[in-house]
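Given these sequences and hints, build the entire structure.
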Amino acid sequence: MSPPDPLLEVENLTKHFPVRRGLLGWTPQLVRAVDAISFTLEAGSTLGVVGESGCGKTTTSRMILGLERPTSGAIRFEGRDVLTLDREGMRYYRRSVQAVFQDPYASLDPRMRVSTIVAEPLVINTALDAAARSRRVAELLDLVGLPERAATLFPHEFSGGQRQRIAIARALALEPKLVVLDEPVSALDVSIRAQILNLLADLQKRLGVSYLFIAHDLAAVAHMSRAIAVMYLGQIVEWGDADAVALEPRHPYTKALFTAALPVDVDAPRPEVAVSGEVPSPLAPPSGCRFHTRCPFVMPHCATQEPALRMAGDRLVACHLY
Amino acid sequence: MASPVVDVQDLRTHIVTRWGTIKAVDGVSFSVAAGETLGLVGESGSGKSMTCLSLVRLVPRPAARIVGGRVLLDGEDLLAKSEEEMQQIRGRKVGMILQDPMSSLNPVFSVGMQLREPVAMYHHLRGRALTVRAAELLAAVRIPSPAARLRAFPHQLSGGMRQRVVGAMAIAAPPRLLIADEPTTSLDLTIQAQYLGLLKELQERHRLAMIFVTHDLGIVARICDRVAVMYGGRIVEIGPVRAIFKSPAHPYTRALLEAIPRLGARRERLTTIEGQPPDLAKLPAGCAFAPRCAHAVDRCRVEAPGDTMLGPGHATRCWLHVPA
Numbered sequence: 202m203s204p205p206d207p208l209l210e211v212e213n214l215t216k217h218f219p220v221r222r223g224l225l226g227w228t229p230q231l232v233r234a235v236d237a238i239s240f241t242l243e244a245g246s247t248l249g250v251v252g253e254s255g256c257g258k259t260t261t262s263r264m265i266l267g268l269e270r271p272t273s274g275a276i277r278f279e280g281r282d283v284l285t286l287d288r289e290g291m292r293y294y295r296r297s298v299q300a301v302f303q304d305p306y307a308s309l310d311p312r313m314r315v316s317t318i319v320a321e322p323l324v325i326n327t328a329l330d331a332a333a334r335s336r337r338v339a340e341l342l343d344l345v346g347l348p349e350r351a352a353t354l355f356p357h358e359f360s361g362g363q364r365q366r367i368a369i370a371r372a373l374a375l376e377p378k379l380v381v382l383d384e385p386v387s388a389l390d391v392s393i394r395a396q397i398l399n400l401l402a403d404l405q406k407r408l409g410v411s412y413l414f415i416a417h418d419l420a421a422v423a424h425m426s427r428a429i430a431v432m433y434l435g436q437i438v439e440w441g442d443a444d445a446v447a448l449e450p451r452h453p454y455t456k457a458l459f460t461a462a463l464p465v466d467v468d469a470p471r472p473e474v475a476v477s478g479e480v481p482s483p484l485a486p487p488s489g490c491r492f493h494t495r496c497p498f499v500m501p502h503c504a505t506q507e508p509a510l511r512m513a514g515d516r517l518v519a520c521h522l523y
Numbered sequence: 040m041a042s043p044v045v046d047v048q049d050l051r052t053h054i055v056t057r058w059g060t061i062k063a064v065d066g067v068s069f070s071v072a073a074g075e076t077l078g079l080v081g082e083s084g085s086g087k088s089m090t091c092l093s094l095v096r097l098v099p100r101p102a103a104r105i106v107g108g109r110v111l112l113d114g115e116d117l118l119a120k121s122e123e124e125m126q127q128i129r130g131r132k133v134g135m136i137l138q139d140p141m142s143s144l145n146p147v148f149s150v151g152m153q154l155r156e157p158v159a160m161y162h163h164l165r166g167r168a169l170t171v172r173a174a175e176l177l178a179a180v181r182i183p184s185p186a187a188r189l190r191a192f193p194h195q196l197s198g199g200m201r202q203r204v205v206g207a208m209a210i211a212a213p214p215r216l217l218i219a220d221e222p223t224t225s226l227d228l229t230i231q232a233q234y235l236g237l238l239k240e241l242q243e244r245h246r247l248a249m250i251f252v253t254h255d256l257g258i259v260a261r262i263c264d265r266v267a268v269m270y271g272g273r274i275v276e277i278g279p280v281r282a283i284f285k286s287p288a289h290p291y292t293r294a295l296l297e298a299i300p301r302l303g304a305r306r307e308r309l310t311t312i313e314g315q316p317p318d319l320a321k322l323p324a325g326c327a328f329a330p331r332c333a334h335a336v337d338r339c340r341v342e343a344p345g346d347t348m349l350g351p352g353h354a355t356r357c358w359l360h361v362p363a
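First to last, the sequence lines map onto chains A and B. Residues in the first sequence are numbered from 202 upward in steps of one, following my numbering. Residues in the second sequence are numbered from 40 upward in steps of one, following my numbering.
Keep in mind that the hints were calculated from the coordinates and are not lab data. Among the hints, a few may not be true.
To be verified - Here are the simulated DMTMM-like pairs of lysine to aspartate or glutamate, each with C-alpha atoms no more than 20 angstroms apart in a straight line:
| hint | chain 1 | residue 1 | chain 2 | residue 2 |
| --- | --- | --- | --- | --- |
| 1 | B | K62 | B | E75 |
| 2 | B | K132 | B | D116 |
| 3 | A | K406 | B | D49 |
| 4 | B | K285 | B | E240 |
| 5 | B | K62 | B | D49 |
| 6 | B | K239 | A | E358 |
| 7 | B | K321 | A | E358 |
| 8 | B | K62 | B | E307 |
Unchecked claim - In silico contact screen, one side only, chain A against chain B (beta carbon under 8 angstroms); selected entries:
| hint | residue |
| --- | --- |
| 9 | L448 |
| 10 | L458 |
| 11 | F459 |
| 12 | A475 |
In this text, all values refer to a predicted model and were calculated from it rather than measured experimentally. Even glycine gets a Cβ: it sits at the ideal position worked out from N, Cα and C.
Shown next as structure tokens:
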């Protein structure tokens, strides 16, 4: 028996944004926001994507959500190419892939009651009548741990954590197979974060939904994910098992990122890997390895040869050190 | 221990609103010595930022008022100073770095103009010498080609660079006390690491007493010597970083440490703190954490606990630790 098809397969996905610079906008240039990345996501599992602002993680998620059309490359969902789907196929895809965003103050319409917010995807995508919809809304609110009376209230009557629960209920309304979580707990207080992370983990166990978890809180990503992909300037520099990547990072950039996370033992701090300088402009990414301008372990050929994402032991790393 | 640079005693700041009086800072006491970093941690609304603003008397008036306590800076009570005297103290003796560098910098003036102003005031420099000193300050915060950067405007700099400029202004005097209120929250991770390294370096060079406000315990573990945990406007536990991480005493501190995912300690579930952070206008009579505390007893709900010493410099406010 061959292994089952992955739920989501991304191959050489690329997004270039043209920008006009200079007087009168004459010299068009390209921002290489995402540059030929490939990864897979198994059904019922979580892939964490980490990286700093401008690394392309949000553009990647927007392409997967169908909000941005890739320049080239393929996105396959349950084995079918998403970019060539017909109308009916696209309908199915959009129902199957939902999102929860960072700021629950911005993602919920302040003039709609919670029942309307959560029922909206049902109105658009299903033929349920009003009574069936309100039953489903009650079910969903219960699923995310909100009381039934929440349905009649407005978003401003809820705290940040509760609002994020409403956003999760809405995302789950159509029983999606994949939920893109773009910084779902970054806007929340520490004591509330744990509640939401636990809720997301419980829902995955109960519903078998897959998550694409985008965050800059590395310990949270490591906690939630089965695999982690680290992105830098539009490329994946390391991809592998979450524990392996978090505990024994290989790529110098991953090492630098995970230095900042809270160690288990304050007496055994992680070795500090400091990188110099700032992220270069994606308009003109450095030659060779894109990280070589900031890398503490840089070698002469890093500036000229681009390292491929290669198997190094138990994971993929794009670095000449391995 | 040498006499502290800043000694805060029973500080109280209240905010009068339509919905009642909010006890934003409710009897906060701590001290920080030269060269020492005190971390101030807590969730939003716990009173950490209001504590910092109270130290330099910049609370939003007229709604907020400092109603009690003393803030001794090198032995002098800042709360007894006139507004004119305070203007001399802010910047000169107490430097501040806030979360958003864009709100600390004026967008219509160049970096050089903004940096020359405090330098001229503190060091009575003019002309060429003033410009040289301003460029030296930019070099001290590791800004490449500082002389050229003096002509740049804030919008031409990255977030990390802007925050460095704010840092340069804060240490222009240099001050005795540096208050850093979430200075790295708006920065990317690798830039954050660079900035923390820079702050440590500046602190050592000038023997600054530093108060570092953050909600990130990873940062606390890396750069603080002592940490004060705030909840509902009060410090519920204060002590050396090692003691707080190794043997947290207050149930809130313990819950906070357990609620955070950590690398290398994979757990099925995170421990959660049930309920919501307290409404400061309706604080319960006793301990503010009692409604969410798993160990609360009747006494917790009626009477607020005082400080109990647990070890050298380690104190908590919790009835569990008061010997019967």
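The hints, checked one at a time:
no.: 1; hint: K62(B) - E75(B); in the structure: violated, 28 angstroms
no.: 2; hint: K132(B) - D116(B); in the structure: holds, 13 angstroms
no.: 3; hint: K406(A) - D49(B); in the structure: violated, 49 angstroms
no.: 4; hint: K285(B) - E240(B); in the structure: violated, 27 angstroms
no.: 5; hint: K62(B) - D49(B); in the structure: holds, 13 angstroms
no.: 6; hint: K239(B) - E358(A); in the structure: violated, 42 angstroms
no.: 7; hint: K321(B) - E358(A); in the structure: holds, 17 angstroms
no.: 8; hint: K62(B) - E307(B); in the structure: violated, 38 angstroms
no.: 9; hint: L448; in the structure: holds, 5 angstroms
no.: 10; hint: L458; in the structure: holds, 6 angstroms
no.: 11; hint: F459; in the structure: holds, 7 angstroms
no.: 12; hint: A475; in the structure: holds, 6 angstroms
Of the numbered hints listed earlier, those contradicted by the structure are 1, 3, 4, 6 and 8.
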